[in-house]
Amino acid sequence: MKNITTILNREFASYFTTPVAYVFILVFLVLSSAFTFYLGQFYERGQADLLPFFNFHPWLYLFLVPAVSMRLWSEERASGSIELLLTLPITLWDAILGKFLAAWLFTGLALLGTFPLWLSVNYLGEPDNGAIAASYVGSWFMAGAFLAVGCCLSALTKSQIVAFILTGTVCLLLVLAGFPLVLNFFQDWVPALILDLIAGLSVIAHFMAISKGVLALTDVIYFIAMIGLWLTLTRLVLQAKAAD
Amino acid sequence: MIEVENLTKQFGSMTVVKDLSFELGAGSVLGFLGPNGAGKSTTMKMITGFLTPSSGSVRIQGYDIANHRQAAQAEMGYLPEGAPSYEEMTVAAFLKFIAEIRGARGALIRQWVDRVTDTVSLRAVLHQRIETLSKGYKRRVGLAQALIHDPSILILDEPTDGLDPNQKHQVRQMILDLSDQKIVIISTHILEEVSAVCSRAMIINAGEIVLDDTPEGLCQRAEGHLSVSLRINGVSDEALSQACSQLPQCGRVALINGGGVRVYPAEALKGPLAALQALMKANHWQPEWIQQHEGQLDEVFRSATGGRLQ
Numbered sequence: 001m002k003n004i005t006t007i008l009n010r011e012f013a014s015y016f017t018t019p020v021a022y023v024f025i026l027v028f029l030v031l032s033s034a035f036t037f038y039l040g041q042f043y044e045r046g047q048a049d050l051l052p053f054f055n056f057h058p059w060l061y062l063f064l065v066p067a068v069s070m071r072l073w074s075e076e077r078a079s080g081s082i083e084l085l086l087t088l089p090i091t092l093w094d095a096i097l098g099k100f101l102a103a104w105l106f107t108g109l110a111l112l113g114t115f116p117l118w119l120s121v122n123y124l125g126e127p128d129n130g131a132i133a134a135s136y137v138g139s140w141f142m143a144g145a146f147l148a149v150g151c152c153l154s155a156l157t158k159s160q161i162v163a164f165i166l167t168g169t170v171c172l173l174l175v176l177a178g179f180p181l182v183l184n185f186f187q188d189w190v191p192a193l194i195l196d197l198i199a200g201l202s203v204i205a206h207f208m209a210i211s212k213g214v215l216a217l218t219d220v221i222y223f224i225a226m227i228g229l230w231l232t233l234t235r236l237v238l239q240a241k242a243a244d
Numbered sequence: 001m002i003e004v005e006n007l008t009k010q011f012g013s014m015t016v017v018k019d020l021s022f023e024l025g026a027g028s029v030l031g032f033l034g035p036n037g038a039g040k041s042t043t044m045k046m047i048t049g050f051l052t053p054s055s056g057s058v059r060i061q062g063y064d065i066a067n068h069r070q071a072a073q074a075e076m077g078y079l080p081e082g083a084p085s086y087e088e089m090t091v092a093a094f095l096k097f098i099a100e101i102r103g104a105r106g107a108l109i110r111q112w113v114d115r116v117t118d119t120v121s122l123r124a125v126l127h128q129r130i131e132t133l134s135k136g137y138k139r140r141v142g143l144a145q146a147l148i149h150d151p152s153i154l155i156l157d158e159p160t161d162g163l164d165p166n167q168k169h170q171v172r173q174m175i176l177d178l179s180d181q182k183i184v185i186i187s188t189h190i191l192e193e194v195s196a197v198c199s200r201a202m203i204i205n206a207g208e209i210v211l212d213d214t215p216e217g218l219c220q221r222a223e224g225h226l227s228v229s230l231r232i233n234g235v236s237d238e239a240l241s242q243a244c245s246q247l248p249q250c251g252r253v254a255l256i257n258g259g260g261v262r263v264y265p266a267e268a269l270k271g272p273l274a275a276l277q278a279l280m281k282a283n284h285w286q287p288e289w290i291q292q293h294e295g296q297l298d299e300v301f302r303s304a305t306g307g308r309l310q
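These protein sequence lines are chains A and B, in that order.
So for the first sequence, the working numbering puts the first residue at 1; every next one is plus one.
So for the second sequence, the working numbering puts the first residue at 1; every next one is plus one.
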């Protein structure tokens, strides 16, 4: 446990010694606000809630989260520091969890930076703050799932650009899984059970369920299982090709 | 104690390390010598637990690296090839991180960082980012992280690569200072380094140990060890070489470019000097000059690794 926090602290601090953190947080805040007010018609709707804000999160995360996760292992591979890290007396899980949690806390921090929106909506009306809190949690879990995907894919390559593109693509598939675009493709030739499974993989469906204010166990389990699965895959990838 | 048994590593169909075995006790400095791609780094990566061997075993102070990886890794300090680190960190933050991971807590962290900062002279750059440092300093940061927990075993992959002669001397002196209590393995392709710091040297070629001896022992295996070069007043080199090759103590005889003859021993460790002196005395020859040679490591290295001209 102590090893995980030591790695977490180092990773977390390293975001702020480079421009990455500031650029990310700035872009996230600017884009999420722009989407909310222009595309989401925050004022025009005349409703005191943050749905127009949260609705865009899956799309925003599609390219912002890979930008955070791409360096997790690719950078270690490229600089050779992976050899240093993995010959320290720690387990692979220590390293994976420390890195993942640092990235996840970092996106959480960016998310917290949007609190003025929450203040505004409370000033303008009487929103359902429970639903907003649930949405924040849901959004954070969704970011976590994307980060876990990115963690695994960045372990595959020393090129951060490759990691970015792969992660973006896989996350896009996960987002689209519940959409007719994907489901229609499978509809005619796979059994209904599998079709349900594919639809059930959809990040959006689970996120929307949470952002309606219902923090259902199944949705939370879905995100935790996603994170667990992709981090386990990360471990397999590292075991198989740490030194390549 | 390091025990390496039948260590083998294959990448696909290529065998990079073949059936390597050796043991090493406290107070020894082992030098891995070999051309690039001989398998030195791969061997070190397996000893430190970064790579899993295809077969064979490594035991570090009794801990098997396969089953007790963390316990074995805690005993070792490792400088990987190229001295990688987290370059966006300051030297102090980086060393503090390593100290913490290595198990130091509270005041001990400070103590460890302080001690190692002095050992490798990093005080002046302690609060600079590693990426801004010169190559020599980066290498020293790498050494510092390997030494920080005062490990009983040090594995250093090309510790002096890229350093200037003064820095090289410093690092070698440091290794010598540390070596009486510890086990040190260094890899290098700088031959003088082996004579300077190692108590034992292994020449590795194509993944196999071809020679394993003390540096002096290795030098004695050179063809030129105890060979003699000489020139005689008033005697042509051709006639001299003719006369020399009659002696049973003399092996190959070669004409030296620019004048003189070099006589190699017929049998290792039995130089022809005495026989040549007797020959000169019998013929009343006066030498213009005469010199006996010690074996050179680079000669042994080239003949052992087959690298004459490839």
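Derived from the structure by calculation, the hints contain no laboratory data.
Please note that a few of the clues may not be correct.
[Said to hold, decoys possible] Heads up, incomplete: computed chain A residues facing chain B, CB under 7 Å, no partners named: (1) T6; (2) L8; (3) S14; (4) T17; (5) S81; (6) L84; (7) T87.
No residue lacks a Cβ here, since even glycine has one placed at the ideal position from N, Cα and C.
Here is how each hint holds up against the structure:
Because the beta carbon of T6/A sits about 5 Å from the nearest beta carbon in chain B, less than 7 Å, this interface hint is met. With a cut of 7 Å, the hint placing L8/A at the interface with chain B is violated, because the nearest CB-to-CB distance is about 11 Å. A least Cβ separation of about 6 Å between S14/A and chain B falls short of the 7 Å threshold, and the interface hint therefore holds. Annotation: interface hint on T17/A holds; nearest CB of chain B at approximately 5 Å, less than 7 Å.
Nearest Cβ of chain B to the Cβ of S81/A: about 4 Å, under the 7 Å cut. The hint holds. Look at L84/A: its Cβ gets to within about 5 Å of chain B, closer than 7 Å, so that hint holds up. Below 7 Å, beta-carbon pairs count as interface contacts, and T87/A has one with chain B at about 4 Å; its hint therefore holds.
In terms of the numbered hints stated before, the structure departs from hint 2 and from no other.
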